[in-house]
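**Student:** Position chain F against the provided structure of chain P, taking the given hints into account.
Sequence order for the protein chains is P and F.
Read the first sequence against my numbering and you will find it ends at 121, with the numbers running on by one and no gaps.
Read the second sequence against my numbering and you will find it ends at 242, with the numbers running on by one and no gaps.
Among the clues, some could well be false.
[To be verified] Quick list of in silico lysine to aspartate or glutamate cross-link-like pairs, EDC-like style, CA-CA up to 16 Å: (1) P/K49 / P/E93; (2) F/K189 / F/E212; (3) P/K49 / F/E140; (4) P/K45 / P/E67; (5) P/K50 / F/E140; (6) F/K154 / F/E140.
[Unchecked claim] Facing chain F, according to a computed beta carbon distance under 7 Å, are these residues of chain P, among others: (7) L54; (8) E67; (9) P70; (10) G107.
Quick caveat, the hints were computed from the structure, so don't treat them as lab data.
These numbers were taken from a predicted model, which means no experiment stands behind them.
Each residue gets a CB set at the ideal place from its N, CA and C atoms; glycine is no exception.
These are the residues of each chain, in order.
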Amino acid sequence: DTEVTQTPKHLVMGMTNKKSLKCEQHMGHRAMYWYKQKAKKPPELMFVYSYEKLSINESVPSRFSPECPNSSLLNLHLHALQPEDSALYLCASSLRLGDEQFFGPGTRLTVL
Amino acid sequence: AQRVTQPEKLLSVFKGAPVELKCNYSYSGSPELFWYVQYSRQRLQLLLRHISRESIKGFTADLNKGETSFHLKKPFAQEEDSAMYYCALGRGSTLGRLYFGRGTQLTVWP
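Chain P extracted, bound-state conformation (with noise of 0.2 Å):
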């Protein structure tokens, strides 16, 4: 398996749903990224995982909760989105933190 999949495709939720985004590779890579994209903008770091270990971009907004639950896995819980989280929400692998990056199909979300 050589790809990064996720789960949903995509997402239609209210503000006051909690939802959880889902990510997989078994590629064994060690390091596990989320990044958002709005539209015709490029991706944006949110959070990073290596090695079960996170890394926050520190202008995320609380709402966006990570887990690792193993170096295979990786979710995104979200609570209280607010309209201007619908973005494209990619997650990407890395065999080693700063390696090429390989990227999921994404999860369109939409926050009503």
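**Tutor:** Showing chain F alone in chain P's frame:
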């Protein structure tokens, strides 16, 4: 601070014409640079990295440290090259992050 500049937001060429997508970077250390491509309705994928010095789909990119550039070139553009291209700076950055340029939308007309 690390920074990547792609001066052209949009670039259009005719099929068979040469194409050059510009990328300049700002980084005091030894950079690692990438070109990523995003075709319509497809995932972001790596096209080139400077250390591999490969030619992928006819594209090449040379790192010019003197001009701090990593321009992407192809001598004869094809319609299937139409996509969004992102230049990214990777090495030595904090959090292992990729610093992306704003992207250049390339359209190749028939």
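**Student:** Hey, F/K154 versus F/E140, does the alpha-carbon distance stay inside 16 Å?
**Tutor:** holds (7 Å)
**Student:** Is the shortest C-beta separation between P/E67 and chain F less than 7 Å?
**Tutor:** violated (10 Å)
**Student:** Would the hint on P/G107 stand, with a C-beta cut-off of 7 Å toward chain F?
**Tutor:** Because about 4 Å separates P/G107 from the closest Cβ in chain F, which is inside the 7 Å limit, the hint holds.
**Student:** Holds or violated: are the alpha carbons of P/K50 and F/E140 at most 16 Å from each other?
**Tutor:** Holds. P/K50 to F/E140 sits at ~13 Å (cutoff 16 Å).
**Student:** For the pair supplied as a hint, F/K189 and F/E212, is the alpha-carbon distance within the 16 Å limit?
**Tutor:** Satisfied, since the Cα-Cα distance of roughly 10 Å is no more than 16 Å.
**Student:** Taking the least C-beta to C-beta distance, is P/L54 closer than 7 Å to chain F?
**Tutor:** Since chain F brings a Cβ to about 4 Å from P/L54, closer than 7 Å, the hint holds.
**Student:** Under the criterion that the straight-line Cα-Cα distance not exceed 16 Å, is the pair P/K45, P/E67 satisfied?
**Tutor:** holds (14 Å)
**Student:** Below or equal to 16 Å on CA atoms is what counts here, so check P/K49 against F/E140.
**Tutor:** holds (13 Å)
**Student:** Classify the hint on P/P70 as holds or violated, based on whether any CB of chain F lies nearer than 7 Å to its CB.
**Tutor:** Check failed: Cβ of P/P70 comes no nearer than 17 Å to chain F, outside 7 Å.
**Student:** Does P/E93 lie within 16 Å of P/K49 when you go C-alpha to C-alpha?
**Tutor:** holds (15 Å)
The structure fails hints 8 and 9 (numbered hints given earlier, in ascending order).
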